[in-house]
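Asks: Each chain, letter by letter, is given below.
Protein chains: 2
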Amino acid sequence: MKFNKEQIQILQDIIYSRRDVRGHNFLDKKIPKDDLEKILLSASHAPSVGYSQPWKFILIDDESIKKELRENFDIENEKAKKIFKNKKTYEDLKLEGIMEAPLNIAVFYEYDDEAVLGMTSQKKMGEYSVVCAVQNMWLMARALGIGLGWISILDEKKVLKTLNAPKNTKLIAYLALGYVDKFYDEPELKTLKWNDEKTLDECVLKNRWQ
Amino acid sequence: MKFNKEQIQILQDIIYSRRDVRGHNFLDKKIPKDDLEKILLSASHAPSVGYSQPWKFILIDDESIKKELRENFDIENEKAKKIFKNKKTYEDLKLEGIMEAPLNIAVFYEYDDEAVLGMTSQKKMGEYSVVCAVQNMWLMARALGIGLGWISILDEKKVLKTLNAPKNTKLIAYLALGYVDKFYDEPELKTLKWNDEKTLDECVLKNRWQ
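So the sequence lines, in the order shown, correspond to chains A and X.
The numbering of the first sequence is my numbering, which starts it at 1 and goes up by one.
The numbering of the second sequence is my numbering, which starts it at 211 and goes up by one.
For reference, chain A alone in the conformation it holds in the complex:
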């Protein structure tokens, strides 16, 4: 399969317009089965080390579970507020949309003791495969007009407990998904000048560090 200029441009547009959505504007509209399947199939077509496909996706719409996650976030975010007490902006930021989003997805890495091709020198590759799956989901969600937010201000151990996760698993990502009426033109933290955009010149080196 070959892709032409217009098709390459579409991929670029999707990549450039993907945003972290934190629940300002989730619409009250369920994600239909078809769209959800497209998102999950994007995940399962991600690269995985040794074709191990070491992912598990927990689809969460139970209100009591979401509430527990939201409480987990609140406790962790109180700690974070103290860390950023000199940066006034932090307090005003909305950093999660757990309750507002019609669907949450917890994404796990699941492993066993068997040797995995490609993981013999770098154990991290299993986890990294699952992160690639999350990025595929994010892009497909964006193309479908579905906002996705990755919520990382959570105590992982508590998440595992809430979801009754077995010992041989690791939480990779906790996601909130829902349709939105619009996506921001640029990352909110860029607009707010929390950090400056880096140029390629700042990020790219030739052959080795000097």
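Source of the hints: derived by calculation from the structure; they are not laboratory data.
Model, not experiment: these values are computed from the prediction.
Just to be clear, a hint being listed does not mean it is correct.
[Claimed, not checked] Mimicking DSS-like on lysine-lysine, the simulated pairs with C-alpha atoms at most 30 Å apart in a straight line are:
#  : chain 1 : residue 1 : chain 2 : residue 2
1  : X       : 408       : A       : 158
2  : X       : 292       : A       : 167
3  : X       : 333       : X       : 266
4  : X       : 367       : X       : 291
5  : A       : 157       : A       : 124
6  : A       : 67        : A       : 94
7  : X       : 416       : A       : 157
8  : X       : 297       : A       : 56
9  : X       : 297       : X       : 334
10 : A       : 123       : X       : 403
11 : X       : 377       : A       : 198
12 : X       : 334       : A       : 82
13 : A       : 206       : X       : 276
14 : X       : 380       : A       : 56
15 : X       : 304       : X       : 277
16 : X       : 289       : X       : 400
17 : X       : 304       : A       : 81
18 : X       : 289       : A       : 2
We have chain A already, so just place chain X on it with the hints.
Replies: Using the frame of chain A, we list chain X on its own:
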């Protein structure tokens, strides 16, 4: 920006036809500046925790550096062969294209002591941001007809030494890139029945583990 059915289909086609390319069929053709820039800009538009953009990309075409990496691979792969000695297929697999690929890219996570928004509860988020960038690169490379292979059978410490990487960095991915005449229809390890494809039913749960 809204995407229509055809555009969503194009993203799905790119995601589904992306392959890990291990140097069977890299063409002897340099990657022009424009295409390389598209790949790097896809990376720099990845999500990053707290808009930290904690990535560094080392573009490698120096033959002596590539040779050192190739030797690193050979040593690690000898160890791996012993681990998989009961699986005849392993010996026959070509698992890297370091020398054949006109361009290698080492992708690093670079950190400092400053607190990062979104990393206060989960330190891993910095690394994971860089993995998302790699997945964006992979998809853009595929759209451009450029094969990309992620080589993980490498001793990370030696890679850092070869590339003179500073202490506050971690190797995320070592990639080999080049144009190819064709991409396999499905993952090679699927074709070879190294592992079976998992169905969504095997990977998706509702609300929690039972």
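Asks: Against each hint, give a clear statement of whether it holds in the structure.
Replies: Cross-check of the supplied hints:
1. Under the criterion of a C-alpha separation no larger than 30 Å, the hint pairing residue 408(X) with residue 158(A) is consistent with the structure, at around 28 Å.
2. Between residue 292(X) and residue 167(A) the CA atoms are separated by roughly 28 Å; this keeps the pair inside 30 Å, and the hint holds.
3. The hinted pair formed by residue 333(X) and residue 266(X) meets the criterion: a straight-line CA distance of about 18 Å does not exceed 30 Å.
4. For the hint linking residue 367(X) to residue 291(X), the alpha-carbon distance of about 21 Å falls within 30 Å, and the restraint holds.
5. Between residue 157(A) and residue 124(A), the direct Cα distance comes to roughly 19 Å. Compliance with the 30 Å bound is thereby established for this hinted pair.
6. Taking the CA atoms of residue 67(A) and residue 94(A), the gap is about 17 Å. The hint holds against a cut of 30 Å.
7. Among the hinted pairs, residue 416(X) with residue 157(A) is consistent with the structure: their alpha-carbon atoms are about 20 Å apart, no more than 30 Å.
8. Proposed proximity of residue 297(X) and residue 56(A) is supported: the alpha carbons are some 27 Å apart, at most 30 Å.
9. Taking the CA atoms of residue 297(X) and residue 334(X), the gap is about 34 Å. The hint is violated against a cut of 30 Å.
10. Distance hint between residue 123(A) and residue 403(X) is fulfilled; the C-alpha atoms sit about 23 Å from each other, no more than 30 Å.
11. At roughly 21 Å between alpha-carbon atoms, residue 377(X) and residue 198(A) fall within 30 Å of each other, so this suggested pair holds.
12. Pair hint residue 334(X) plus residue 82(A) holds up; C-alpha atoms about 20 Å apart against a cutoff of 30 Å.
13. Of the supplied pair hints, the one linking residue 206(A) and residue 276(X) holds, its CA atoms being roughly 13 Å apart against a limit of 30 Å.
14. At most 30 Å may separate the alpha-carbon atoms for a hinted pair to count; residue 380(X) and residue 56(A) meet this at roughly 26 Å.
15. A C-alpha spacing of about 17 Å is found between residue 304(X) and residue 277(X), which places the hinted pair at or below 30 Å, so the restraint holds.
16. At most 30 Å may separate the alpha-carbon atoms for a hinted pair to count; residue 289(X) and residue 400(X) meet this at roughly 23 Å.
17. This hinted pair does not check out: residue 304(X) and residue 81(A) have alpha carbons roughly 50 Å apart, beyond 30 Å.
18. Annotation: proposed proximity of residue 289(X) to residue 2(A) is violated, straight-line Cα distance about 38 Å (limit 30 Å).
Of the hints listed earlier, those the structure fails to meet are numbers 9, 17, 18, in rising order.
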